[in-house]
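S.K.: Let chain R serve as the given structure and place chains F, W and E on it in line with the hints.
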Amino acid sequence: MSAIHQQSVIQDNCQLVAKTLTCERGSRILFENLEFSLSSGQAMIIQGSNGAGKTSLLRIITGLSQPVGGIISWNQQNIEKIAEEFQKQLLYIGHLAAVKTELTVRENLQLLKRFWPSDTEGSIADLADSIGLHQRLSVSCSRLSAGQLRRVSLARLFISTQKLWILDEPLMALDVDFIGVVEKCLQNHLKSRGMAILTTHRGIDLGEQASFIFDL
Amino acid sequence: MQLFYSILYRDLMLAIRRRRELANPLVFFVIVVSLFPLGVSPDQDLLSKMAPGVIWVTALLATLMSMDAMFRSDYDDGSLEQLLLLPGPKILLIGAKITAHWLSIGLPLIVLAPIMSLLLYFPTHAMGSLIITLLISTPILSLLGSVGIALTLSLRSGGILSSLLILPFYIPVLIFSTMAINASVNSLPVSGYYALLGAFLIVSALLIPFAVVAALKVSYN
Amino acid sequence: MMQFIHKYGSPKYFYQWSKGWQRWLTVITLLLLGYGLYQGLFVAPTDYQQGESYRIIFIHVPAAWMSMFVYMSMAVSGIVALVWRIKVAEIVIGECAVIGASFTALALITGMLWGKPMWGTYWVWDARLTSELVLLFLYFGVIALHSAFENPRTGARAAAILAIVGIINIPIIKYSVEWWSTLHQPATVAKFDKPSMHMSMLIPLLVMAFAFKTYFLALLFSRTRSEVLAREKNTSWVKEIMEQES
Amino acid sequence: MKEFFAMGGYAFFVWTSYGIVAFVMIANVFVAKMKCKRIFKELRELSEEA
Numbered sequence: 001m002s003a004i005h006q007q008s009v010i011q012d013n014c015q016l017v018a019k020t021l022t023c024e025r026g027s028r029i030l031f032e033n034l035e036f037s038l039s040s041g042q043a044m045i046i047q048g049s050n051g052a053g054k055t056s057l058l059r060i061i062t063g064l065s066q067p068v069g070g071i072i073s074w075n076q077q078n079i080e081k082i083a084e085e086f087q088k089q090l091l092y093i094g095h096l097a098a099v100k101t102e103l104t105v106r107e108n109l110q111l112l113k114r115f116w117p118s119d120t121e122g123s124i125a126d127l128a129d130s131i132g133l134h135q136r137l138s139v140s141c142s143r144l145s146a147g148q149l150r151r152v153s154l155a156r157l158f159i160s161t162q163k164l165w166i167l168d169e170p171l172m173a174l175d176v177d178f179i180g181v182v183e184k185c186l187q188n189h190l191k192s193r194g195m196a197i198l199t200t201h202r203g204i205d206l207g208e209q210a211s212f213i214f215d216l
Numbered sequence: 001m002q003l004f005y006s007i008l009y010r011d012l013m014l015a016i017r018r019r020r021e022l023a024n025p026l027v028f029f030v031i032v033v034s035l036f037p038l039g040v041s042p043d044q045d046l047l048s049k050m051a052p053g054v055i056w057v058t059a060l061l062a063t064l065m066s067m068d069a070m071f072r073s074d075y076d077d078g079s080l081e082q083l084l085l086l087p088g089p090k091i092l093l094i095g096a097k098i099t100a101h102w103l104s105i106g107l108p109l110i111v112l113a114p115i116m117s118l119l120l121y122f123p124t125h126a127m128g129s130l131i132i133t134l135l136i137s138t139p140i141l142s143l144l145g146s147v148g149i150a151l152t153l154s155l156r157s158g159g160i161l162s163s164l165l166i167l168p169f170y171i172p173v174l175i176f177s178t179m180a181i182n183a184s185v186n187s188l189p190v191s192g193y194y195a196l197l198g199a200f201l202i203v204s205a206l207l208i209p210f211a212v213v214a215a216l217k218v219s220y221n
Numbered sequence: 001m002m003q004f005i006h007k008y009g010s011p012k013y014f015y016q017w018s019k020g021w022q023r024w025l026t027v028i029t030l031l032l033l034g035y036g037l038y039q040g041l042f043v044a045p046t047d048y049q050q051g052e053s054y055r056i057i058f059i060h061v062p063a064a065w066m067s068m069f070v071y072m073s074m075a076v077s078g079i080v081a082l083v084w085r086i087k088v089a090e091i092v093i094g095e096c097a098v099i100g101a102s103f104t105a106l107a108l109i110t111g112m113l114w115g116k117p118m119w120g121t122y123w124v125w126d127a128r129l130t131s132e133l134v135l136l137f138l139y140f141g142v143i144a145l146h147s148a149f150e151n152p153r154t155g156a157r158a159a160a161i162l163a164i165v166g167i168i169n170i171p172i173i174k175y176s177v178e179w180w181s182t183l184h185q186p187a188t189v190a191k192f193d194k195p196s197m198h199m200s201m202l203i204p205l206l207v208m209a210f211a212f213k214t215y216f217l218a219l220l221f222s223r224t225r226s227e228v229l230a231r232e233k234n235t236s237w238v239k240e241i242m243e244q245e246s
Numbered sequence: 001m002k003e004f005f006a007m008g009g010y011a012f013f014v015w016t017s018y019g020i021v022a023f024v025m026i027a028n029v030f031v032a033k034m035k036c037k038r039i040f041k042e043l044r045e046l047s048e049e050a
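So the sequence lines, in the order shown, correspond to chains R, F, W and E. Taken in order, the first sequence gives residues 1 to 216; the numbers are from my numbering. Taken in order, the second sequence gives residues 1 to 221; the numbers are from my numbering. Taken in order, the third sequence gives residues 1 to 246; the numbers are from my numbering. Taken in order, the fourth sequence gives residues 1 to 50; the numbers are from my numbering.
This is chain R alone, in the form it adopts within the complex (with noise of 0.2 Å):
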């Protein structure tokens, strides 16, 4: 793991904060009372065993399912307050891959950057050869494997300009290369004052970048 060690880390504007967060799942308390406070250029990698709401914490953060208890509060504003412009900055790839089998990588790519504009103005065959896939640029994806659907859902992580993203296990599913890409790409992230707040089961090497661990 990267020695946490604190850049004289100058305060950004963004800070992301969780006060008193309480989750259920059916009628059992899943967490209780969690707190945590994440600014620009830090990363958090949340582990805890399999059960223990990882996923469930990620969904309230983003604001997609309500905690019991608690508030997130983004630039000390409530996030159910803000939504719309708390989503902006947001980035979420969940646990599932969100592509459409029944498109071309092609289509799906389109689709990428139709919902979400960037202003990196890169066309579909750089975005393409960036995760690995410009031959297959016109298969099905109901062809592909679970590693290559899963790289063409982190395609938002090379083209996205929000600051805060949030990550659900990113490297599931992943051959060794592509591993060090993603690294790559969230330390450039890290590096350009973005956040980051990520579920692994692996190691994940974010350089010098200003991270810790948040145990579940």
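Hints are computed from structural coordinates only; laboratory data are not their basis. Since the structure is predicted, the reported quantities are computational estimates derived from the model, not experimental observations. It cannot be assumed that every hint is accurate.
[Stated by the list, open to error] On the chain F side, residues computed to face chain R include the following (Cβ under 7 Å):
# : residue
1 : 4
2 : 6
3 : 17
4 : 20
5 : 87
[Stated by the list, open to error] Pairs of lysine to aspartate or glutamate residues, derived as EDC-like cross-links and limited to a Cα-Cα distance of at most 20 Å, are as follows:
#  : chain 1 : residue 1 : chain 2 : residue 2
6  : W       : 87        : R       : 24
7  : W       : 12        : W       : 232
8  : R       : 19        : R       : 80
9  : F       : 217       : W       : 150
10 : E       : 35        : W       : 52
11 : W       : 233       : W       : 245
12 : W       : 19        : W       : 240
13 : F       : 90        : R       : 24
14 : E       : 2         : W       : 52
15 : W       : 87        : W       : 178
16 : F       : 217       : R       : 24
17 : W       : 233       : E       : 42
18 : R       : 113       : F       : 81
19 : W       : 12        : W       : 240
20 : R       : 113       : F       : 77
21 : W       : 233       : E       : 45
Positions of the beta carbon are idealized from the N, C-alpha and C atoms, including for glycine.
M.R.: Only chains F, W and E this time, still in chain R's reference frame:
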């Protein structure tokens, strides 16, 4: 509004890519309509009296049966989460999905219904009102059905349960439409019924999307 | 207004103040039922048209009114549960659905039993009976949805949304069913309205209607109280109560 | 008293409907009471374990 068009474009592209699935409600409609003469009796005046009701009930069931297509595939592969997290009013997302569903399921039914009505000796001079009532009411069916589907999205046995929840709300649509057709069969004034159906469409188009957004929040909790 | 709702809505406080109300309401219900039944069955004169069979009205009409009243209170507690996220309101929705469904079923059964002497058939597609039947379908929908979720809280919130959509649609359904029945109903079949209400008949009817309301509230309180205990079982105040009990 | 129970020939209808209504209302109360007992028993077992 750009969000509305891109989601509409995406859904219609997916619908075209799944053409075979789109045929199911139409085949269902054809089979069930032809069951009635076999089940009841091929006698002409009995069938022509029953025709509006049979056509309408079958069209209603065909739409209800294919309501699943609206959110189910997006929910299962995780893309509905991404769409819900898009900045922008959620109402546009819901509106686009319902319009896409109506275009891919409702319209083909409207095209097929008059043809099938000939099998039931449907009085041809009332064909116009059959098409008009279907045009006004099938969007209402999609709107109301979307609430049922959104509520039962996270349940395994969601499909059957959502039909059970939504059928009572279809009753006014069924009653006014069949009365409109019967009125035009006896060449009575029909505009009153169309106005009521239109009002029902406008009210549900304005109120239902909010219920669907709340229902999706519940399904994701 | 907010503190009021949160204070009275909190499970602990609700459990305390509802005990007294429940006892009082049970007493009132028994008194009213006794008086209403006595008036209705013994004192009220026989109806010149329908003879003795009209006495079914003293339970049929209150049950029909109750089926609407319970659905409305279910929708209102649904709104409270969704907007202010009050735990007790969520429990009330589930309980209202069951009680409302039984009232609607009673209204239907007594309606059919009353229809037989009047028209010779148990079921008549009359506007009132048909909308009662549709209301029963709505109740089944809410109950089925409520019990389909394994997390009771999400189940309650889903049922709340359905109840709110339902309450908006009920007038439309009633109106369309009424229009439909007047169109298809040949005028000869006697309209299903109440016989001309002489004062001595009206009083027992209103007394019974009020008795049904207090019965509903008392039953609702008792069921909600035990459900609150079940839901809050790992909280401190429930453990205290358990020590006092045993 | 006998003609009171005859209800002018409609005895069957009047008394069956009153009977059903009484049965359902009492059954509801009975179910509520049973539920209350069951929950108290559960909670008591819970508090004994703790």
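S.K.: Next, verify each hint and record whether it holds.
M.R.: Consistency of the hints with the structure:
Taking 7 Å as the C-beta cut-off, the interface hint given for residue 4 of chain F is violated, the closest approach to chain R being about 12 Å. Restraint check, residue 6 of chain F versus chain R: the minimum CB separation of about 5 Å is within 7 Å; hint holds. About 4 Å separates the beta-carbon of residue 17 of chain F from the nearest beta-carbon of chain R, less than 7 Å, and the hint is met. Residue-level restraint check for residue 20 of chain F is violated (minimum Cβ-Cβ distance to chain R is 11 Å; threshold 7 Å).
Taken as an interface hint, residue 87 of chain F checks out: its beta carbon lies about 4 Å from the nearest beta carbon of chain R, inside 7 Å. Our distance criterion of 20 Å between C-alpha atoms is met by residue 87 of chain W and residue 24 of chain R, whose separation comes to about 14 Å. Between residue 12 of chain W and residue 232 of chain W, the direct Cα distance comes to roughly 9 Å. Compliance with the 20 Å bound is thereby established for this hinted pair. The hinted pair formed by residue 19 of chain R and residue 80 of chain R meets the criterion: a straight-line CA distance of about 14 Å does not exceed 20 Å.
Between residue 217 of chain F and residue 150 of chain W, the direct Cα distance comes to roughly 16 Å. Compliance with the 20 Å bound is thereby established for this hinted pair. A hinted pair counts as satisfied when its Cα atoms are at most 20 Å apart, and residue 35 of chain E with residue 52 of chain W does not qualify at roughly 39 Å. A distance of roughly 14 Å separates the Cα atoms of residue 233 of chain W and residue 245 of chain W; the hinted pair therefore holds under the 20 Å criterion. With a C-alpha separation of about 17 Å, the suggested pair residue 19 of chain W and residue 240 of chain W falls inside the 20 Å cut-off, and the hint holds.
With a C-alpha separation of about 26 Å, the suggested pairing of residue 90 of chain F with residue 24 of chain R is violated against the 20 Å cut-off. Between residue 2 of chain E and residue 52 of chain W the CA atoms are separated by roughly 14 Å; this keeps the pair inside 20 Å, and the hint holds. This hinted pair does not check out: residue 87 of chain W and residue 178 of chain W have alpha carbons roughly 38 Å apart, beyond 20 Å. Of the pairs offered as hints, the one joining residue 217 of chain F and residue 24 of chain R holds, with about 15 Å between alpha carbons and a cut-off of 20 Å not exceeded.
Taken as a hint, the residue 233 of chain W and residue 42 of chain E pair is honoured in the structure, with Cα atoms around 9 Å apart against an allowance of 20 Å. The suggested pairing of residue 113 of chain R with residue 81 of chain F holds, with an alpha-carbon distance near 17 Å, which does not exceed 20 Å. Simply put, residue 12 of chain W and residue 240 of chain W have alpha-carbon atoms about 11 Å apart, close enough for the 20 Å limit, and the pair holds. The hinted pair formed by residue 113 of chain R and residue 77 of chain F meets the criterion: a straight-line CA distance of about 19 Å does not exceed 20 Å.
A C-alpha spacing of about 11 Å is found between residue 233 of chain W and residue 45 of chain E, which places the hinted pair at or below 20 Å, so the restraint holds.
In this structure, the earlier hints numbered 1, 4, 10, 13 and 15 are contradicted, and the remaining ones agree with it.
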